[in-house]
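Sequences are here, hints too, so could you generate the full structure?
Protein sequences appear in the order of chains A and B. Per the numbering used here, the first sequence starts with residue 229, numbered consecutively. Per the numbering used here, the second sequence starts with residue 229, numbered consecutively.
Hint data in this document are derived by calculation from the structure and do not stem from the laboratory. Everything numeric in this text was worked out from a predicted model, so none of it was measured. Do not rely on the hints blindly, as some may be mistaken.
Copies of the same chain are indistinguishable here, so a pair counts whether it falls within one copy or spans any two.
[As the list claims (entries may be wrong)] Straight-line C-alpha distance at most 35 Å; calculated DSBU-like pairs for lysine-lysine:
no.	residue 1	residue 2
1	Lys446	Lys468
2	Lys412	Lys446
3	Lys283	Lys468
4	Lys468	Lys385
5	Lys412	Lys468
6	Lys348	Lys468
7	Lys283	Lys273
Number of protein chains: 2
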Amino acid sequence: MQSNLHGDERLPIYQRLADALRSDVTEGRLRPGDRVASENELVGKYQMAAGTVRKALDVLVTEGLLERFHGRGTFVRSPSFDASLYRFFRFRAADGNEAIPEGRILRREVELAPSFVARKLGIPEGSPTISMSRLRVSESTPVLAEEIWLPFGRFEKFMDLPIGDVGDLLYPVYDAICGQLVAKADEALTAESSNRETARLLRIEPGTPVMVIDRLAKDFGGVPLEWRRSRGRADQFHYKTEIR
Amino acid sequence: MQSNLHGDERLPIYQRLADALRSDVTEGRLRPGDRVASENELVGKYQMAAGTVRKALDVLVTEGLLERFHGRGTFVRSPSFDASLYRFFRFRAADGNEAIPEGRILRREVELAPSFVARKLGIPEGSPTISMSRLRVSESTPVLAEEIWLPFGRFEKFMDLPIGDVGDLLYPVYDAICGQLVAKADEALTAESSNRETARLLRIEPGTPVMVIDRLAKDFGGVPLEWRRSRGRADQFHYKTEIR
DNA sequence: GAGTGGTCTAGACCACTAT
DNA sequence: TAGTGGTCTAGACCACTCT
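Here it is, written out as structure tokens:
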């Protein structure tokens with residue numbers, strides 16, 4: 229079989245192949261966990277040298293879209309980072325292991341989008357959204373207070389799911405119930421003095437510093453799926469980075 | 229000329245070449261800004277295929293150690309990140325441009341290392357250090373209050389330099405006066421309520437949240453050169469990141 | 001024009017994983 | 001044992017930079 233690559237012919241062949249494979253993922257023809265065609269198959273399908281195919285795959289591995297396993301094949305990476313996203317905070321159980329904190333939904337209702345939420349989600353002001361308050365609890369200690377907004381159109385079915393059936397992780401539920409797959413997210417960090425409401429939820433003194441994490445979660449195509457603002461005790465916050 | 233690669237013979241050739249070139253940088257035979265031998269030269273020197281040389285160079289480019297310019301050559305990257313390190317804060321001049329804030333040294337003296345500093349710098353407790361307080365000022369507004377420690381042994385000559393001759397950036401001075409080149413750094417972020425001293429320096433109310441940034445700066449070989457703790461107004465702090 | 005890195009080919013052989 | 005990715009070779013041609 230002979231397939232041709234689309235796109236700008238001035239681009240290197242490996243880039244165009246990478247673009248084609250990336251589209252297969254962003255447009256749903258390949259889903260996380262799926263195996264990508266082997267090097268040999270791609271060589272046959274697109275009629276190019278094996279080295280060129282490898283280079284295209286290398287690009288996508290570097291991007292984090294694919295991962296390769298010697299002897300097994302090349303796979304679409306599963307973005308299952310809900311548990312890892314709050315890596316900024318100490319979520320350790322007493323035994324020292326990383327734990328997924330419990331997620332308790334305190335409130336869930338359909339609400340017209342406030343302007344700042346609409347702007348983030350890229351929907352018209354006043355569109356319906358699902359608005360939630362959620363508390364994340366680790367070892368029976370509250371660690372994060374969250375406010376979450378979802379565009380109603382894509383998440384309508386989520387309202388039919390009893391709150392008690394929602395587990396500790398939301399993203400797998402978005403995928404299973406609404407077919408909305410969170411693939412990446414932008415986060416912005418800042419700190420502030422806790423107000424009375426936040427202090428009550430986190431069981432701290434009002435005025436104690438809290439870290440604020442705004443997150444815009446998107447699908448593979450970059451379409452905003454969820455906006456949330458999370459607050460946690462600053463004295464439990466620890467973010468490390470290396471700089472060169 | 230024929231040179232042989234050292235290191236574990238079970239490792240891939242491209243890895244061993246990358247290791248050799250990395251050592252050339254960390255051990256000072258190649259300095260930031262220097263041109264690395266061209267692909268052809270490396271092929272001749274180490275007797276290997278051009279593709280293998282390219283792969284070794286790719287590794288180091290990905291690491292951020294080298295950068296390549298089509299038609300010009302491959303160069304050791306200059307880590308001149310002092311200005312970019314405080315990228316977390318709004319350091320913008322009124323005209324919207326990024327500005328390097330002024331750096332005022334308020335205090336500089338030789339001091340025996342407190343235990344937590346000694347531990348960070350990897351020197352014996354009670355060793356002599358140079359201890360400094362420094363205020364970074366942008367548009368005549370104080371933005372960061374810093375406490376800095378240097379191991380005395382490597383930075384002895386720095387004490388001979390009049391404080392007035394130290395400019396707004398310290399790392400170029402460390403290099404020029406003491407031959408100590410900062411190549412990378414680990415940072416850890418947290419937030420706290422400002423104490424009276426910090427509040428006075430930053431001209432804020434005591435108790436207002438401040439971000440705290442601990443930084444351990446190292447040379448190319450990973451030897452700790454400087455430890456500093458910086459505090460800035462949380463309401464000016466903004467850190468953004470993307471997650472996949 | 002000489003030298004550099006960037007792309008691409010067409011093979012060979014090896015190491016790992018599945019069955 | 002068949003199929004996969006990982007390493008390595010030896011070339012070709014192209015695009016860019018410098019002088």
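Verification of the supplied hints:
With identical chains, the CA atoms of lysine 446 and lysine 468 are at most 35 Å apart both within one copy (24 Å) and between copies (15 Å). For the homomeric pair lysine 412 and lysine 446, the shortest alpha-carbon distances inside one copy (5 Å) and between copies (32 Å) are both at most 35 Å. Taking identical chains as interchangeable, the C-alpha atoms of lysine 283 and lysine 468 lie at most 35 Å apart whether they share a chain (32 Å) or sit on different chains (30 Å). Within a single copy, lysine 468 and lysine 385 get their C-alpha atoms only as close as 38 Å, which misses the 35 Å cut-off; across copies the closest is 32 Å, which meets it.
When the C-alpha separation of lysine 412 and lysine 468 is checked against a cutoff of 35 Å, the pair qualifies both within a copy, at 20 Å, and between copies, at 14 Å. For a Cα distance limit of 35 Å, the shortest separation of lysine 348 from lysine 468 qualifies both inside one copy, at 27 Å, and across copies, at 15 Å. For the homomeric pair lysine 283 and lysine 273, the shortest alpha-carbon distances inside one copy (16 Å) and between copies (26 Å) are both at most 35 Å.
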